[in-house]
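Asker: Sequence:
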Amino acid sequence: MPTLGVVAHGLDIVYPSNHKKLAQEMLEKGGLLSEYPLKSKIELANFPMRNRIVAGLCDASIIVESDVKGGAMITSKLALGYNREVFAFPGRSIDNRSAGCNELIKKNMAQLIESGDDVLKFMNWTNDQNKNKAKQTLLFTQLNEQEQLLIKLIQEKETIHADELKLKSALSDSKLASYLLQLEMQNLIKSLPGKQYCMR
3 MPTLGVVAHG LDIVYPSNHK KLAQEMLEKG GLLSEYPLKS KIELANFPMR NRIVAGLCDA
63 SIIVESDVKG GAMITSKLAL GYNREVFAFP GRSIDNRSAG CNELIKKNMA QLIESGDDVL
123 KFMNWTNDQN KNKAKQTLLF TQLNEQEQLL IKLIQEKETI HADELKLKSA LSDSKLASYL
183 LQLEMQNLIK SLPGKQYCMR
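In my numbering, the protein residues as written are 3 to 202.
To be clear, the hints were calculated from the coordinates, so they are not data collected in a lab. Misleading hints may appear alongside valid ones.
To be verified - Straight line, CA to CA, 20 angstroms or less: simulated DMTMM-like cross-link-like pairs of lysine to aspartate or glutamate:
1. Lys79 - Asp119
2. Lys109 - Asp69
3. Lys43 - Glu87
4. Lys22 - Glu158
5. Lys192 - Glu166
6. Lys168 - Glu105
7. Lys31 - Glu45
8. Lys177 - Glu27
9. Lys123 - Glu87
10. Lys41 - Asp69
11. Lys31 - Glu149
12. Lys108 - Glu87
13. Lys159 - Glu186
14. Lys22 - Glu166
15. Lys31 - Asp14
16. Lys109 - Asp97
17. Lys197 - Glu149
18. Lys197 - Asp97
19. Lys31 - Asp69
20. Lys154 - Asp120
21. Lys168 - Glu149
22. Lys170 - Glu158
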């Protein structure tokens, strides 16, 4: 999926360093953006500042997981200030990783969503012509390794549960949710009741 990354340091640095492969994929399919000159040092204070650019570039911000003090909370509040839409996935009340999402929903600062379809419908990004065009375009779009694995697992069955996808893919909850959302937004898969998924 074409992705634009906004970094909080110079473009000559990849941080964390184990994200070099991801950074290269983003350069090939989208791009990397920074307001800082080359050789700028990594400063923790720059990361919250960076989020204002992320919020401003997007039509909508989707919060998959965040605690109440997470960077995603900063992004969501900035997005609201820019009159952008904010969406959040609900989580268990005892899970700190979902506390931020639940707070945004509770305070009516974010629209509750359970799938990529919810975003498409709310943003009025759905019509048959666009769906067909998106599918044709995506036939020529190279998915990353994790997305290819998830597509393969979903294709093997008529429907498959998210827990089984997590087990077979060895992805964390947050990464799995993020990849599934991207595949839904690309109109490749569909979420069903009960955390089930199928191909479109």
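Asker: All hints, please: hold or fail.
Answerer: For each hint, the structure was consulted:
This hinted pair does not check out: Lys79 and Asp119 have alpha carbons roughly 23 angstroms apart, beyond 20 angstroms. Annotation: proposed proximity of Lys109 to Asp69 holds, straight-line Cα distance about 15 angstroms (limit 20 angstroms). With a CA separation close to 32 angstroms, the supplied pair Lys43 and Glu87 exceeds the 20 angstroms bound. For the hint linking Lys22 to Glu158, the alpha-carbon distance of about 31 angstroms lies beyond 20 angstroms, and the restraint is violated.
In summary, the hint linking Lys192 to Glu166 is supported, as the alpha carbons are separated by about 16 angstroms, within the 20 angstroms threshold. Of the supplied pair hints, the one linking Lys168 and Glu105 is violated, its CA atoms being roughly 26 angstroms apart against a limit of 20 angstroms. Among the hinted pairs, Lys31 with Glu45 is inconsistent with the structure: their alpha-carbon atoms are about 27 angstroms apart, more than 20 angstroms. Straight-line distance between C-alpha atoms of Lys177 and Glu27 comes to about 16 angstroms, which keeps the hinted pair within the 20 angstroms bound.
Straight-line distance between C-alpha atoms of Lys123 and Glu87 comes to about 13 angstroms, which keeps the hinted pair within the 20 angstroms bound. Note on Lys41 and Asp69: the hinted pairing is violated, with a Cα-Cα distance of about 31 angstroms set against a maximum of 20 angstroms. Among the hinted pairs, Lys31 with Glu149 is consistent with the structure: their alpha-carbon atoms are about 14 angstroms apart, no more than 20 angstroms. Annotation: proposed proximity of Lys108 to Glu87 holds, straight-line Cα distance about 16 angstroms (limit 20 angstroms).
Distance restraint check for Lys159 and Glu186: the Cα-Cα separation of roughly 17 angstroms lies within the 20 angstroms cut-off, and the hinted pair is therefore satisfied. In summary, the hint linking Lys22 to Glu166 is not supported, as the alpha carbons are separated by about 29 angstroms, beyond the 20 angstroms threshold. Taking the CA atoms of Lys31 and Asp14, the gap is near 18 angstroms; set against the 20 angstroms cutoff, the hint holds. For the proposed pair Lys109 and Asp97, the alpha carbon gap of about 18 angstroms is at most 20 angstroms, so the pair holds.
With a C-alpha separation of about 18 angstroms, the suggested pair Lys197 and Glu149 falls inside the 20 angstroms cut-off, and the hint holds. About 18 angstroms separates the Cα atoms of Lys197 and Asp97, which keeps this hinted pair within 20 angstroms; it holds. With a C-alpha separation of about 30 angstroms, the suggested pairing of Lys31 with Asp69 is violated against the 20 angstroms cut-off. Pair hint Lys154 plus Asp120 does not hold up; C-alpha atoms about 24 angstroms apart against a cutoff of 20 angstroms.
Between Lys168 and Glu149 the alpha-carbon distance is near 12 angstroms, which keeps this suggested pair within the 20 angstroms criterion. Only pairs whose Cα atoms come within 20 angstroms are accepted, and Lys170 paired with Glu158 is accepted, the gap being roughly 12 angstroms.
Hint violations for this structure: numbers 1, 3, 4, 6, 7, 10, 14, 19 and 20, all remaining hints satisfied.
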